[in-house]
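Note that the protein sequences, when read in sequence, are chains H and G.
Take the first sequence: its position 289, counted from the start at 1, is 289 in the working numbering, and no numbers get skipped.
Take the second sequence: its position 22, counted from the start at 1, is 517 in the working numbering, and no numbers get skipped.
Calculated from the structure, these hints are not laboratory results.
Note that the coordinates shown come from a computational prediction; the quantities given were computed from them, not determined experimentally.
A hint or two may mislead.
[Claimed, not checked] Here are a few chain G residues that face chain H, going by a calculated C-beta distance under 7 Å:
hint : residue
1    : Ile500
2    : Gly607
3    : Leu609
Where a beta carbon is used, it is the ideal one built from N, C-alpha and C, also for glycine.
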Amino acid sequence: MKQHNIRLHPLGKELVVNDQTPLIDLLHEFGVEFPCGGRGTCGKCQVSLLKGKITVSEIHRRKLDHLHLPSNVRLACMSLCTESITLQVEQYDHLILADETNFEFMPERGFGVAVDLGTTTLVTQLVELNSARILAVETMLNPQVKYGADLISRIQAGLDGHSTEMTLLIRSAVGNMIRLMMEGAKQIPDKVILVGNTVMQMIFSGCDLTPLSCYPFQLENPGTKTFTASELDWDFPDGTKIEFYPSIGSFVGSDILAGIAATGLHRKEQYTALIDLGTNGEIVLGNRDHIICASTAAGPAFEGANLSMGMRAVTGAISSLRHDGKTIQSSVIGNTKPRGICGSALIDAAAILLEMGLIGDFGEIQSGENSILIDDPVRLTQKDIYEFLLAKAAIATGVTILAKNLGIETSGISEIYIAGGFGNYINLKHLLSTGMVETTGDKIHKMGNTALIGAKMFLFGKGELADEILGKTSHINLEAFPDFQDIYISKMILG
Amino acid sequence: MNEIIEKLLEAVEFGKIDQKSPYPPQLRGMDGSHELTQQALAAGVDPQRILEDALIPAMGNVGKKFAENKIFVPQMLMSAKAMGASMVQLKPFFASGAIKSKGTFIIGTVKGDLHDIGKNLVAMMVEGGGWTIVDLGVDVGSERFIEALKSNPGAVVGLSALLTTTMVNMGDIVAGIKACDPATKVLIGGAPVNADFCRSIGADFYAPDPQNAVEYLNKLAS
Ligand code: B12
Ligand code: FES
Numbered sequence: 001m002k003q004h005n006i007r008l009h010p011l012g013k014e015l016v017v018n019d020q021t022p023l024i025d026l027l028h029e030f031g032v033e034f035p036c037g038g039r040g041t042c043g044k045c046q047v048s049l050l051k052g053k054i055t056v057s058e059i060h061r062r063k064l065d066h067l068h069l070p071s072n073v074r075l076a077c078m079s080l081c082t083e084s085i086t087l088q089v090e091q092y093d094h095l096i097l098a099d100e101t102n103f104e105f106m107p108e109r110g111f112g113v114a115v116d117l118g119t120t121t122l123v124t125q126l127v128e129l130n131s132a133r134i135l136a137v138e139t140m141l142n143p144q145v146k147y148g149a150d151l152i153s154r155i156q157a158g159l160d161g162h163s164t165e166m167t168l169l170i171r172s173a174v175g176n177m178i179r180l181m182m183e184g185a186k187q188i189p190d191k192v193i194l195v196g197n198t199v200m201q202m203i204f205s206g207c208d209l210t211p212l213s214c215y216p217f218q219l220e221n222p223g224t225k226t227f228t229a230s231e232l233d234w235d236f237p238d239g240t241k242i243e244f245y246p247s248i249g250s251f252v253g254s255d256i257l258a259g260i261a262a263t264g265l266h267r268k269e270q271y272t273a274l275i276d277l278g279t280n281g282e283i284v285l286g287n288r289d290h291i292i293c294a295s296t297a298a299g300p301a302f303e304g305a306n307l308s309m310g311m312r313a314v315t316g317a318i319s320s321l322r323h324d325g326k327t328i329q330s331s332v333i334g335n336t337k338p339r340g341i342c343g344s345a346l347i348d349a350a351a352i353l354l355e356m357g358l359i360g361d362f363g364e365i366q367s368g369e370n371s372i373l374i375d376d377p378v379r380l381t382q383k384d385i386y387e388f389l390l391a392k393a394a395i396a397t398g399v400t401i402l403a404k405n406l407g408i409e410t411s412g413i414s415e416i417y418i419a420g421g422f423g424n425y426i427n428l429k430h431l432l433s434t435g436m437v438e439t440t441g442d443k444i445h446k447m448g449n450t451a452l453i454g455a456k457m458f459l460f461g462k463g464e465l466a467d468e469i470l471g472k473t474s475h476i477n478l479e480a481f482p483d484f485q486d487i488y489i490s491k492m493i494l495g
Numbered sequence: 496m497n498e499i500i501e502k503l504l505e506a507v508e509f510g511k512i513d514q515k516s517p518y519p520p521q522l523r524g525m526d527g528s529h530e531l532t533q534q535a536l537a538a539g540v541d542p543q544r545i546l547e548d549a550l551i552p553a554m555g556n557v558g559k560k561f562a563e564n565k566i567f568v569p570q571m572l573m574s575a576k577a578m579g580a581s582m583v584q585l586k587p588f589f590a591s592g593a594i595k596s597k598g599t600f601i602i603g604t605v606k607g608d609l610h611d612i613g614k615n616l617v618a619m620m621v622e623g624g625g626w627t628i629v630d631l632g633v634d635v636g637s638e639r640f641i642e643a644l645k646s647n648p649g650a651v652v653g654l655s656a657l658l659t660t661t662m663v664n665m666g667d668i669v670a671g672i673k674a675c676d677p678a679t680k681v682l683i684g685g686a687p688v689n690a691d692f693c694r695s696i697g698a699d700f701y702a703p704d705p706q707n708a709v710e711y712l713n714k715l716a717s
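Looking at chain G on its own, in the form it has when it is part of the complex (with noise of 0.2 Å):
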């Protein structure tokens, strides 16, 4: 069993999908996360086990990679397309209670900005980390983001922008969220974005890259 769960680990952090995919190369004609995930289960492991065994600690070496300059976007994407492979079998089990996340995390591209290349990675990397993603998507006003608040209370929210003309509604977002509840975090990304923006519209927190929201996130979280 244990092997599984140690295979299902390089799987997911090397980006191997599911057996017929031919990336990463060296695992070429191996099992991907996909079928080692089939197997986890009927061989009865414990979901939870599968996501904090194996895709948790995956999603954080490739984070910290990343982070690090090790390995690149194109690997992150794999590495995150592996996991969803795994993670869609796991979803009846977080419907059931059997697996429990971390938290909620709410994540869209604020309104005028379309770009959701990095706000995508960020989702991906954060379910990674073993919480649940609710994404808004593009084009987001504070309206929306209050809304998925109010359903799912507690959750903390990511904002993404990539264009300095609609990093600016980055502010209105936070005050309209923190009008309605101050204790709700904030935290934001985005190429334009820094933490000098981020103290002066009152969010939480700046993240350059997925590896630090997922950082602080787990640091809410426990």
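If we strip away everything but chain H, and leave its shape as in the complex, we get (with noise of 0.2 Å):
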């Protein structure tokens, strides 16, 4: 077979591949994201030419005119490489979060390993059971991210039959995280517990994902998913004892489940709530007598997809915004000229813009023109506010239905913890004047990723924390309520 020569710049990698192999089987893995899962939808994949030629079939073309770009720019996932090429493709340096946040706990002999295994990253610890000690850790972005950003797409590729390379992919990428921490620590774990969502659940234990297609979105069994290495494929013993956590129901998945005990939102006597500010916008409130929850799916807004020039939080994304009442001034990852806008800088966005008056409550630009200059060259569109308003509306929609459940106000509601991919870059204060948490700010915190430390939590004892919490949790269908519509609506007003 036809070989050629692949060079990256400014990688200086250089790969040899078969003829006719496309683009996004190769470059996923430096860093290029396919946000739409290689429909030609989001232009998010963009790779420069140096060198070299890629034929652009008729839907490519159609795709780059329409996005406008340079006539030397492809999108990746629409290219197959068919000669030696030379391409440019941004450096991305990932911003993935590990924790080391201390927790309560039994000393018990042996090494633990606990998984977050996210829709967009993975993040593994190995722990030290005797002291909770943190011996290795290991970070990646999620090899199925090629499939897409959001969860419907990997679902999607799933019923388009990449379910077993997707499966098989995931075991690879965690088996090689832990291969590594064990070489770096010398220690073998005696168990590793993964957490995920719904969908990372029956993706890595290879389960059907139709159920989890169309409504009524419900499995057969969300129940926890025991392993042996070798059927994992991984290289270690086989007496360790490997279990994906349980499900909460539908899209609320075992992710949840680890942030319900690392806010020890199940042992409390005041209602406190768990906000994950991710696409599914999962909620959790409750006490230690009852707790519900439900996904919200406030769409990826807050992961920088779906915006104009959004991007998550890697080197070059403005990640924080103030203002001093005339000029704007960012803040961006790696002190470099800013690409894009991430999260956590989409709500000061939103915040700030409607102090200075800039825009209104319904997120109308004031001036009358299509967008906002944020730093140059990134500007805020009216759609990218649009789709901001969308993700806001869901969380306090969810918030507010879920304490109507329970019979009580949002004012009712003690502590908020919010958890999510952008880490320590959220300004609360900010989020609080975009109406997104209707608190005060005594009330709200910030938490990382608490999925790891309940991860982490889990590995101590035999699995009665999760059995307490998950006796206690019920999963609510948000589609049920019938008022959702007029409170959803409003909540697209800002303030």
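Since each chain comes alone in its own frame, lean on the hints to assemble the complex.
Written out as structure tokens, the structure reads:
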């Protein structure tokens, strides 16, 4: 078979590939992202052709014209290698939230591995169980991102015949991360506990994704999945206990179960909430007697997808904004030139632009123009602001409906924990002033990677903690709530 | 009489439902579409005029402003509600034949999908364009669309889907409808849908927003 050389600039990498290899199969490893899963709709997988040729199909041409791209730019998701080429790819640094929070534990013998298997990122930690000390950490991008940024695109990929491939990819990625930690720390884990949302659990376990693709979105068996190392093709002793923890219901998975453990919500007397500001937008509300949760499907705006210049919290992303009444100042991750805007700065932008009177309560740009310059060349368009409002309203509606369900007002929630991928960048004051969360500054806290913290807590004992939480927790279908539409639309107003 | 019609047009365009509703601030304390319609009917205004000279132009303005990003979903909903407060009073005249509608529009969210906010807005805007609405709700498969078409021959069908996994069901529904009656027009919408997809499943028209849908329907009716 014919082979070609692909050089990646400025990474200095050179790859040898077979003729007709799709670029999507090569480039996701090097940080090129494929938010729409290669459907050609998002335009985020651009690469510049520095040398050589990539033949452009008719549909590819139409997408390129539509996006008004320079003539040397190609959409990687629609390109095949047919000769040797040099490509310029933007180099990404990944900011993945690991965690070093202290928690209470009963010392045990041996070692454990906690895995937070996120839709976008993977984090593993090797923990010494008699001290809860973290001996090693590994992080990486979920290799499934080449099938799309959100859960539904992964489900779609599964339905399109890629489920086995996704299962193998994720198993081998996690297996490698654990192996690297074992080599570094020279220890073998006695148990491995994985947490993740329902779709990640099903893909890892090799289960059918069809039930999650359409109403009623219910799984037959969302319980704990147990594996042996050899089943997973992992290179360590079969005595190690490997468990993917159970989902709570529908799209709310064990990452949220772990989140509940991390906040200690299940032991609190007062009503406490956990809000995960991700695509799924899970919300938990309850106390030691009773806990309810739901996914609000906020959409990927907080992860920077679906915005004209949105990106995840990686090098070149504007991560936060301030203003002095006249001008807007931005901080850019990696102190470089800004390339785009990520979720935390999107929240800042909504709050600041409203404060400065540049947008109105409905998010309307007051100048009558179609966009606002944030930090050259990064702009926020009217549609971007609308995307934010859709996501913001989803979260606010979820909290309101869960509170109504328990017969309390949102103001009756005594503490609110915010989890989500943007870590420390999020500005809680701005979050409140957009009206996304209706509470006061003293009651709201950021909590980082609650899924990972909880997964580590689950390493201790024999599953009692998870059972205790599951016994009290039920999942609520938001669509069953008759006033959803009116509440949702009223929450699309800022402030 | 013209004055009532003008006031009603304004009330609907700016979303004033009734006298006690606080929205919009600039019309606070004034009569809303509920009262104004009562007054118009009491004064003997032809119901057809209420529809054609107040509701349709008001909702037409709303649709245009929405499509141009001059107003947003909350404002559109308030206008639609104000229109609804007038429309309930006109219902008997539709039934008696005193008002003629432009046609019937059957709409539903497709099988497997429960998202209905966009669908509801489209239904309200099309109703405000002078059409009779048959809303089949959510999770609707081709059988129910076909059934509704049998009771409403000549109706136009609108399909909504918000999930990439359920928009494929649009294809089956379009095929089912066209197999029964190839002349039936089907129009589709929803966030993941686009014109390419519309063509690929053999639907007749893709509308990105309610205004485009109303314009397409009006072209069919004329
Ligand atoms: C509100 C919402 C919900 C509500 C729905 C409540 C309801 N009664 O509708 C709840 C919380 C219940 C929900 C649940 C789910 N959701 Co949801 N949801 C949303 C959200 C936040 C907004 C959708 C919306 O109402 N937009 C506002 C309306 C006005 O816009 P619109 O629907 O696009 O309609 C406009 C046009 O499209 C057009 N139009 C619409 N229909 C039609 C029809 C015709 C004929 C025409 C001409 C035009 C037209 O006109 C409208 C006005 O301009 C989006 C996220 C987002 N950022 O968009 C996710 C989103 C749609 N949901 C999503 C998902 C995955 C789900 C769930 C499957 C999973 C989950 N995480 O919980 C569940 C399952 C729901 C079910 N059983 O079907 C995904 C879909 C992803 C994908 N690639 O397909 C989204 C995009 C979020 C995401 N990225 O994860 N969701
Ligand atoms: S356009 Fe290529 S992944 Fe979206």
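Outcome of the hint check:
{"no.": "1", "hint": "Ile500", "result": "28 Å, violated"}
{"no.": "2", "hint": "Gly607", "result": "3 Å, holds"}
{"no.": "3", "hint": "Leu609", "result": "4 Å, holds"}
Hint compliance for this structure: hint 1 is the single one not met.
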